[in-house]
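Using the sequences and the accompanying hints, generate a full structural model.
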Amino acid sequence: MGTLKVSNLCKTYIINKRQNNVLRNVNLTIKEGEMVGVMGPSGSGKTTLLYTVSGMDSATAGRVEFYGKDLTGMKANEMSDIRLNEMGFVFQQMYMLKNLTVYDNIILPGYQTPEGKTKEGRRKINDRAKVLMQTLGISEIAENDINEVSGGQLQRACICRSMINNPKIIFADEPTGALNKQNSIEVMEELNRINQAGTAVLLVTHDMKVASKCERVLYIEDGDIRDEITLGRRLGRAEDRTRERTLNDWLIGLGW
Amino acid sequence: MIQRILKKDMKRRKSVNIILFLFITIASIFLSSSINNILVVTSAVEYYMDYAKVPDINFIVSGTQEKEVIDDWIEHESPNLKSWGYNTVMSVNEKDIKIHREKKDSAFKSNGVTTYIGTMNAEYCKVYDMDGRDFTLKQGEAAIGYGIAEDNKLSEGDQIRISAAGGVNKIFTIKYLVKDAAFGSEMAGMSRIMLSEEDYKDYSEKNESNLQGLYYVNTGDQNTFIREYNDQEFTSALNMITRQTYTMAYSFDMIMAALLILIGICLILIALLVLRFTLVFTLEEEYREIGIMKAVGLKEFAIKKIYLVKYFFIVTAGSAVGLAASIPVSQMMVKGVSRNMIMEDTSANFWVNIICTFLIIALVMLFCYGCTRKLNKISAISAIRGGQSGERFHRRSVLKMHKCKRMPVAVFLGLNDMASHLKRYLVLMVTFCLSFILITIPLNTLNTMQSEEMAEKFCMNPDSSVYIETIEKPGEEPYKTIKDLKAGMNRVEKELKEKGYDAKLTAVPIYFLRFYEEEQGGKNHIMTVQILGENNDFLTYLEGEAPTLENEIAISRAILEQNDWQIGDTVEVGLTNGTKKMLITGTYSDYMQLGKSARMNPEIDLSSEIMFQYWNIMADVKTDLTQQELADKMEKLFPDYKWTTAQEVVDRNVGGIQENLKSMLVPMTGMLCAVIMLITLLMERLFIAREKGEIAMMKSMGYKNRTICLWQVLRMVWVALVSMIAAVPLSFVSNQFILKPIFAIMGAEVEIQVVPWQVYGLYPGVLLVGIILATVIAAVKVKQINIRELNNLE
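First to last, the protein sequences are chains U and C. Position one of the first sequence corresponds to residue 396 (our numbering), numbered consecutively onward. Position one of the second sequence corresponds to residue 4 (our numbering), numbered consecutively onward.
Calculated from the structure, these hints are not laboratory results. Heads up, none of these hints are tricks.
Derived CB-CB ranges, DEER-like:
1. C:ARG409 - U:ASP602: 40 to 48 Å
2. U:ASP635 - C:ARG409: 41 to 49 Å
3. U:LYS519 - C:GLU754: 54 to 62 Å
4. U:LYS519 - C:LYS10: 48 to 56 Å
5. C:GLU287 - U:HIS601: 26 to 34 Å
6. U:GLN577 - C:VAL769: 58 to 66 Å
7. U:GLY627 - C:LEU724: 57 to 65 Å
8. U:HIS601 - C:ARG291: 20 to 28 Å
9. C:LEU724 - U:THR424: 49 to 57 Å
10. U:GLY627 - C:ARG409: 45 to 53 Å
11. U:LYS464 - C:ARG15: 33 to 41 Å
The calculated DSS-like cross-link candidates involving lysine-lysine, where the alpha carbons are at most 25 Å apart (straight line), are:
12. U:LYS470 - C:LYS786
13. C:LYS707 - U:LYS470
14. C:LYS502 - C:LYS625
15. C:LYS483 - C:LYS497
We put the CB at the ideal spot given by N, CA and C, even for glycine.
Below, the structure written as structure tokens:
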């Protein structure tokens, strides 16, 4: 069974009385524990696809099934519960609440769950946050304010936050877009590690090196998935070059 | 381009702009009308006194026996005399006046003030009709003060019957309701019914003993005149009232105006604070655009102009609407004052409003310009970075969520926001705090007026069972000596006993005695009270002790200070049988004669002195009933006497301000609530606009709208609670520096009474509900924020 099954998904915006079809009958399936990249030129509908399939934006038509549940027909509150308990989000900009420390930002979604309402539950969330921060190597910035840490550290904190409720899938919108090369590598390593631990990842990027870390890459153009390539599960850094070359050839073939 | 930016901005910030516009409108209305009111009220009393020809000095003598001697002294010997006049009035027992309707007589209420009949044959202390015009009365016609007519529900055309000794009994048609500058104020303690010369003659010829002579004197040197008048030792001399005292009797009209001014000032202060917040907030929010404009070479003033033009439009439009609305509001306010006074031509008011409007526009624009100075300090690149220089950061988080073991996230976020950005919430805190303090003013005033101390300040024991205003039987002349008074009291006690009430009566006779100062040889007529009865130990003293021995006296602090007397000094008191040396044993402050009085010991026999009048008689009887219940019961059992409660006496003596305050309380709370709600709405909308990205981010994490709204509401609740806590000590300051001086105008300091459940519970609670309601209304906007707004996050 697929984690996420998208059928005939359409998204239309009306701007200045003109209809703009951003997504046109998109069909895709993401399997459990799969890491899928979405690439495409600017304005092709990558981010809209991510927002629509994650339930952050409504679909104009079509169906999005998440573990068999239809997200398109869900009420806002039900959708919030799913986002809180079963989904994680990483954005290009490191969005966090400015008045909280890095640590408090990480535990913020955790404290909103039923588990986070009890003293014992909060203790467990705190333990989980500490382990996550340690794994991602940001324990030392826990008590810092968000304006006191680097972009790479902050993005890793965002990944920690997306993981705090043990989601089934992480949606990442250009997660390395605002980072330098070294930070990008580190962040992608973390996402790979998370994926290998069993969490599915749907990642939107325009960076070929980032996309090459994915198991499968979709190419979207004019709101429709034009093609896809399966690179297979990444086993280590040694094969990165080959994956990048394969992806590059495929993209050139698509006119990238 | 400016036009385009402006148009876009006006559309984008529609609700905030509308709220700001409304706020400027409200502030304009209040400022224009309250300033108008200040100008009107300050000049009105003085104008009214001049218009009604209230003299510098008005002294009252008992009867007409000494008329020739006094006339002669004034004409030939009095110092610096400019002009003078004389006429008489005749005191009438309340029971001898009846309202005559459909051939039936009903009771006339004098509300505790002595009622006189008189004529308009003097050129002083004149009365006018409600439009301020002079008038004449024919036989059978009467004119009655507006206040007393209103209390008795009398209007022009109604009839009253006045009977007096000698069989004079006439029915009069009320021809005019009048404004009486000297005796019209309830605080004056006197009211006049004006009759025609012929009718008055019929009464006065047969009741000479009830006549009182009124002398009106204008002099170049008031103090010298008073001193020399006192030196004359006229035996019939009673009270002396100066023009200042008459003016002071209208002080509570000023108090109401003062309260409105205070509210107006607070509103302007709040308006400027809100404006500053809005402007700075907008600038900070648009830093990037400003940075880009700076980067492409726009000059600073050109950028400022965008904001200044926008606020100029809003302020001008708001002020213009405010101006239009302020005119009827001003007229309404002035009408309230003019009910008691004759006022100058009010056509000038319109100009006051226009000037105020221009001043508001100038002030606000100047203030706006000051606020935009922030743009000078910031470079193009700093602005593009959203105001951060990239070098200096300050810590934002104050509280730690993970350390709060059980606190719900929404509660924590609200508290943390406030703690992290105290400066940002300062405007709201100041506004809330001012509102909480403002609401305490009328509440504390009311509660103070209802306190036992107030009754005591009016020389009444608040613990007495009930009070009797007058005990003369219908047709009986007002008592002139304590011998008559005692006889009357004995009679009432006997009547009460017959009906099963073993009551003890205590009276407070009032005299105007001559006081000599031993060393300086000066003389004063001072109102002197003596407690006549067993209930004589309820009065309190600031210093020293109550006079107990025959040669002891206590004198009010105002008199001591005026004469440079001290406790332990000896003063000579002029009595009919010669002077008597008396030792000052204590001092006090109360509201009798505006704080200028003396308290005689209960031992000395003053039966030979002419009693000016007697104060409410206290009746002590064993009962479980409240004063009001007993007064109602006694009124039925003994309808010949006027039964009352301590509170009613206090109310009457402070000129009915309590009723005004009571009626003002709900509108004032409503108005404050509306202002607070408007500001909260404005601020909350701005907060949400600024936090759009954060809200979207929280939504993306799975936070529901309900939780986010709760966060916003709780943040406001925290701010309101902090403001409420801050308002507690500040309200003590306002009690000390606003209310105490207001009460002191009447002659004495009083402890301001605070009823905690009202001042710290009910009324702030109402405002808190308003704040929550406004936040909830504003927080509806949260629902409209799409997660795509994440792009708006800094």
